[in-house]
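Asker: One-letter residues, chain by chain:
There are 2 protein chains.
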Amino acid sequence: MSSELSYPKSKVNKVNRLADRGKYDCKTVHEILKASPVVHVSFNPGSLDDYPVILPMIGKLGSFENPSADLSEPLDLYLHGYVSSRIMNVARKAAQGEEEGTTPLKVCVCATKVDGLVLSLTPNSHSMNYRSSVIFGTVELVMDLDEKLYAMKLITDGVLPNRYDDTRVPPDSAEMQSTQILKVTIDHASAKIRTGQPGDYEKDMKRDDLREKTWTGVIPVYQAFGEPQAASYNRVKDVPDYITNYVKEHGEAEKEYALTCIDKEAAGKS
Amino acid sequence: MSSELSYPKSKVNKVNRLADRGKYDCKTVHEILKASPVVHVSFNPGSLDDYPVILPMIGKLGSFENPSADLSEPLDLYLHGYVSSRIMNVARKAAQGEEEGTTPLKVCVCATKVDGLVLSLTPNSHSMNYRSSVIFGTVELVMDLDEKLYAMKLITDGVLPNRYDDTRVPPDSAEMQSTQILKVTIDHASAKIRTGQPGDYEKDMKRDDLREKTWTGVIPVYQAFGEPQAASYNRVKDVPDYITNYVKEHGEAEKEYALTCIDKEAAGKS
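Residue numbers (the working numbering), protein chains in the order written: chain A, 36 to 305; chain B, 36 to 305.
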């Protein structure tokens, strides 16, 4: 639809290699982030020679100003962590320095799902079915208490829907102080998706000996859930419905995607 | 064992937050990288304002000088990509510039496996069982043809053991030219692992009302394989044994890890 909201293409987010796999609409970019239990966050700590740093973190999308916004609308990414961890210290220092003319912390966040191993006739045309989203954003410390509580619920329910209200909430003041929430404003974003069957070079497709020797196809790969295992100190007899339903439905959806994406036309040759 | 090879702790790789989850021995760091179908590679392209860039890539460990080295020994990480992709252009420019006094490209590579959702009595003590490895390394372009072929086989078989020799090999000259292999020398590395049951605060454990209301435990999460799906142009009737065996054994091992790690003592409280 032409009415879909999209991230504008720029030198930062443009997919150059196999450009037909690139997607820029909010819904696609956001869906992949949502489907990933962890995201990888990269930043420059400014003190480790020339290395950037990557941290695996839990990151969830939402809009504090427009809480009913869905995945096709503009959203921010909330990350949480311990108040004195390195990324928090770096973000705080950058924020404090702003008054002195330094810029806030910039990050790149990537979420990737592997959906299948794509096996063709020759190594160079092997591939994976996958979905990845990359966002480039600017970090802000969340200091407003209401927004912080909003983000804590968003993050908890983003990992397991309906969990927050089933636990001891709200966090007490010690917990509020030991947890730092970062808000990433998305400046640029794009997604890259590969679906479909293997693709092979004409030169290999012509070779009957090779075609009759080498099996070609896709091994579906997906994230699965096992049976929930009660803690040794758990006192609730039955696993609640919101957990069993999520495990069942989400598990089936992941498996279904890995299978059905094989029949979608591949974006890109290999 | 005191004879285990480890990466030295430094300001770059030291795990500060929940330090008892940190691991530095080669075997642990390398095993997590090996178990990850994709790794996340971060670098500074030097042209995108202050953003670092993350790319999901296939990365496999090996030693061209000592090909029989196992995971407990020093290894390099090989990455492959299209010759004109951004990371390759940046790596090439950095390598060429070395003569003019610039430094080679530095990267951070992270591999993360989520093994379980850890559900406790209050949101702040929720966690995940996970394994992550982070390496900081220096990038070199592989120009030697023998090393390039070594890396291509390493990468293909790293995704699916025994695949390389079952396909049309070696790559022809066009394929050799269009593929660039990067070798990452590991300068610093560490792993971080969380296993075990949930952990709760004393203040919540004392509350009978809460204990009787909120289910606590772990939802195992693991990477699963589906039934291999033949390509429309496949002519080999049966899926070869090396594929069915790998899918079966690797799939079972992943599931087994997610379950058994719950009974290992948690490193860290939450």
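Please keep in mind that the hints were generated in silico from the structure rather than gathered at the bench.
Watch out, some of these pointers could steer you wrong.
Treat identical chains as interchangeable: a pair holds within one or across any two.
As the list claims (entries may be wrong) - With a straight-line cut-off of 20 Å between C-alpha atoms, the simulated EDC-like cross-links for lysine to aspartate or glutamate are:
(1) 128 with 85
(2) 44 with 298
(3) 241 with 207
(4) 290 with 262
(5) 188 with 239
(6) 141 with 85
(7) 218 with 192
(8) 248 with 237
(9) 299 with 284
(10) 69 with 243
(11) 272 with 200
(12) 272 with 179
(13) 44 with 85
(14) 283 with 55
(15) 238 with 100
Here the structure is a predicted model, which means the values were calculated and not measured.
Asker: Run every hint past the structure and note whether it holds.
Answerer: Verification of the supplied hints:
1. 128 with 85: Both: 19 Å inside a copy, 16 Å across copies.
2. 44 with 298: For residue 44 and residue 298, the Cα distance exceeds 20 Å both inside one copy (29 Å) and across copies (48 Å).
3. 241 with 207: Result: close only across copies, 16 Å inter versus 69 Å intra.
4. 290 with 262: both (16 Å within a copy, 11 Å between copies)
5. 188 with 239: between (53 Å within a copy, 18 Å between copies)
6. 141 with 85: both (16 Å within a copy, 6 Å between copies)
7. 218 with 192: Close inside one copy (17 Å), not across copies (40 Å); limit 20 Å.
8. 248 with 237: within (17 Å within a copy, 63 Å between copies)
9. 299 with 284: neither (22 Å within a copy, 28 Å between copies)
10. 69 with 243: So residue 69 and residue 243 fail the 20 Å test inside a copy (44 Å) and across (35 Å) alike.
11. 272 with 200: Only inside one copy: residue 272 and residue 200 sit 19 Å apart there, 53 Å across copies, limit 20 Å.
12. 272 with 179: neither (38 Å within a copy, 62 Å between copies)
13. 44 with 85: between (28 Å within a copy, 18 Å between copies)
14. 283 with 55: neither (34 Å within a copy, 34 Å between copies)
15. 238 with 100: neither (56 Å within a copy, 34 Å between copies)
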